[in-house]
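Participant: Here is what each chain is made of, one letter per residue.
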Amino acid sequence: MISSQIFAFFKRFRYHSLLLLTLSFPATISIGCGPVDLSFRGYSFINPNILDLSSEGAAFFLSFREIADYYKGPKAEQQVGNIEEWQQRFCEVASLEDIHAIVYDTDADDMRLLRNAMSSESFSPPYEMRGNLFVQHLIQKKCFETVDYLAFAKECEPHVTANEDPWEEPAPKNTGAMQQLIDDGRRAFRQTKSHYIRLRYAYQLIRLAHYMGDYQQALDLYDYLMPKTDNDPSIIDYWIMGHRAGALMGQGKNVEASYLYSVIFDKCPSKRASAFRSFRITTDEEWKACMLLCKTVREQAVLHAIRANMSHAKRLEEMEAMYELEPNISYLPLILVKELLELEKDLLGIDFNDQKQHNKQFHSRPRKAAGENVIELQTFVRRVVDEKKVAELGLWAIAEGYLELLAGNDYFARRTFKKARSMVQDETLKEQLAVWELALKISTYQTITEDIEKELSDIERLNRLFDKYPDFQDFTNDKLATLYRKENMPGKAIMIHYPFEAILPNPQITILNDLIEVCLRPTRNFIERKMVEKGDSTIIHDLRDAKATYYLARGKLEMAREAYTDIPRPDWNNYGIYAPYVDRINDCVHCRLPDSVLTFNRGELIEELRKKEYEARAEPNIEQAAYRYYQLGLAFYNMTYFGPTWKATDFFRSGNSMSKYQLLDAQEGVFDHYYYPLGNRENLDCSEAERHFLRVVELSTNPELIARALFMAAKCEQNEYYVNRFKGAARTYKYFDLLLEYKDSQFGQRLQKECKYFEAYVNR
Amino acid sequence: MRLLIALFLCCCVAFACERTHLPAKPAFYYWQTNVQLDSTERAYVQALGADRLYVKYFDIDWNYNRQEAVPLASAKFDTLTLNGIQELVPTIFITNRTLREINSNKLPQLASQLFQRMLQIHPPHFKIHEIQIDCDWSGTTRDKYFELLRLLRPSLEKRQIRLSATIRLHQIKYADQTGIPPVDKGLLMFYNMGELENWEESNSILNVETAAQYVEQLHEYPLMLDLALPIYSWGVVFRSGKFIKLVNQLSPADLAGHPHIVKITSSRFILNKSTYLKGYYFYKGDQIRLEQCHWSDLQKAHQLLSDKLATPPQYVSFYHLDSAVVQSFTYDQLTDLCVF
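Protein chains in written order, with our numbering: chain A, 1 to 764; chain B, 1 to 340.
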């Protein structure tokens, strides 16, 4: 699983420049942020601009990043709406910033100082207000009513706003002061000529009464004040409506209240979220009563729109009801796209998405009912298209095709897209159609041929949609990987996703051969070039070296040499220098080696070991032969995980591989690893070395050499135990037992001084 | 010799009697924000002699906008309705994500805020002997959680208030990984033990067979433990095969005879038409698993715990006090569950 998490990292890393280039547009749902990223890993080809992002509820219903940017959240929305309205009412004489500074960043004292400045030239407005065009306008036009209102609103504010510090105990409501403000406000309301300012007073008074918990007074104030305001439509009307609804809810009249909330939800973006949260219908009877309160079928359809946005709602049922009531309600396409986004997550590329296990584990995708849902939605969308009652027929027509694509009905999807072309006029919709047709084309390839590779290369290089919609890269790569695997091209299947370095910790001969074959081709297509070309050349020698390393790790010297045959000798030094004959009592993987040790590059090392094997076999002098076997044993030991020359047979070694959980999870020496899709193979097997040391014991009569060989064999025995100790292996000491006979040799004496383990064994 | 044997047998009988007849004190959890007992609840509490109430004073959750821990849903007391209650145990629920997100250097501040907030909320006429922290901590949040508990101690000790923590079953079984919280005592929550989100689960509230797998080592748990037993019911709702919500206090009466609800088995139901139920909107095809605590299951749980607890609990708390809930059990039944 861990390694699968990293697959995406590599994929993204490889194409990071492309991804960065295209991050901003359009939305993608598969962006991750590193190895432990658990976010969903799929593709999205839905362009949010097919919807009117400024339409009612766009931000509320959908979660595209673009829409989130479009709106900055409810609080910001409320402030922006308020400031914009002040600006409009004052004929745009001041900037939004200047108005914001006065409305939100001042207190009642500031307003009183401002009023003084308006009354007499001998007073100046507060220093911070000088230069503020809104203030200048208020002074110039003697807008006393506005300033008095703003001062009043500042007085009300502490009574109706929550503590900034959530840990602070809410101060008890000062109902006396609140009532006094209501009384003062009523007087001011009566004295105010501007109907707009009257409306704002009405808002402050009704809000105060609502927050006092005096719901009846709030409703009475509404009935008394609102007929006395005659202003142009304002967002304040809806803010007032919200408090009226709150008061009704407080009196237990949740049907009436919910109806009002539904109107606010529909008409007032700045209060949409809070109206949605406050909407509360709890029985079938209440729902029916609420429907009856609606003045139009559109209002009834809005009730379904609200319910469609409840968590886990069956949106299709609500869409059907909305469509029956008001086919052209703007929420319908929003909910359609919301459903498409969900089904896209479930089903798009499900046959070839290499992250589907991840999505299943961490996101329960696809949902159990996804197949059923896509068919049900298809039926509804077809009906909408057939009945032609909606204005945005083109959107529904292409959506039908996309649903067919998601359902795996490629033939019908192609046919539907073709038919839809004539119904789509809007440029964004035309692009959306082209994108979905491209996704269909890529997803329906059944095999891979030179021509198809060329076609895909051309799409990748030349189709502007490929760059514009960032998920196309991953989508195409995943599809290609599946086809390559199907056509027995394992090298290309993996290189389509990962850089060459990612496969080295556990190289596979089939993969290396496949890639060598690509390198040897006289011509390569764009995809192949990306895989194997390196500057003016290819990675062919790297592949041959990896192949040789693979064989060397398994003691297959002839095959290793064969793999090196076509690497020119001058290039052999490109692949490291190794010291196979280091002879130490204590293993030390990272210790510095003395300058005197014999070193070889990998090609030479292979030749050296072949020569040594031949010499050992051919040597007439038994002791000499035994010594050569000892050297071979050393070389093979040093090239394992436990020796200082491990790099000769492995491209990556992890110290963590010896931990309990790693050893228990490892499959035949291959460990899962974050960065490597094929895992990390560690050369834990010392049997080749052990075999050579035993040959020494068999041949030699020299007690010193036998002692050395037995000690090295004991290390092999110990390593085998270490590797298998968590799987129930027993610790054995068969070579230590044999070594006891040689404890008085010079090496045996040295061993007892330098190897505490052996010393303890001798003295046990 | 006979005399010695007789004496020995008498001692055995005496000890045995003591063990089986030492009653724990009954108590209740109260999990509503408005702490206002109705007459049924008051009568029940008084008849049972439960003078201790564990009240959820507030939750602490992580606010991602503010990037800080914040208190939510603070309790509001109507103390006139708490006649007969001698002791309130302030219980504070902390979400695990709060501990996951909070920086360790903010823990002293959080401990102080928690303590002050608790005092602000606590009605003055009730003395505090104990406060309880409820948190389903995990291996990754353990250190921060335990540090928070340690940081709370000095303020509590000054007022001679004991600190307790809720302990879940998995924290008993995997005590070596989840650790032992640094508190005066624990309270074993003997409920919510099944696979809630699996439709095939028979009863996720109380499943004694499942519980048995978790309490093998209970006698070795190094904290003194009180006990909380469930007496609530709920409906577990599945939509399109996926768990979507819990409907608290759903009873068989709510489902029986409902025109749009079809009974599949004694505890499983399906909606044949979309409808509102208990304030929620259900869609056609929704499935409901009704989960209740039956007296027989509680008896089995009691027996299991009697066998496994090293020492009898001082308190047995019932989760939770609600007139509709408690009426499902007689006083005698709940009293029996307090005898260890």
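A few of these clues could be false.
Think about it this way: if two alpha-carbon atoms lie no more than 25 Å apart in a straight line, the pair counts; the simulated DSS-like pairs of lysine-lysine are [unchecked claim]:
#1 B:Lys-242 x A:Lys-368
#2 B:Lys-144 x A:Lys-368
#3 B:Lys-173 x B:Lys-144
#4 A:Lys-288 x B:Lys-242
#5 B:Lys-278 x A:Lys-253
#6 A:Lys-468 x A:Lys-418
#7 B:Lys-263 x A:Lys-368
#8 A:Lys-228 x A:Lys-193
#9 B:Lys-245 x A:Lys-338
#10 A:Lys-556 x A:Lys-611
#11 A:Lys-267 x A:Lys-389
#12 A:Lys-418 x A:Lys-388
#13 B:Lys-263 x A:Lys-338
#14 B:Lys-284 x A:Lys-356
It should be emphasised that the hints constitute simulated quantities derived from the structure, not laboratory data.
Participant: Which of the numbered hints are not met once you compare them with the structure shown?
Facilitator: 2, 4, 13 and 14
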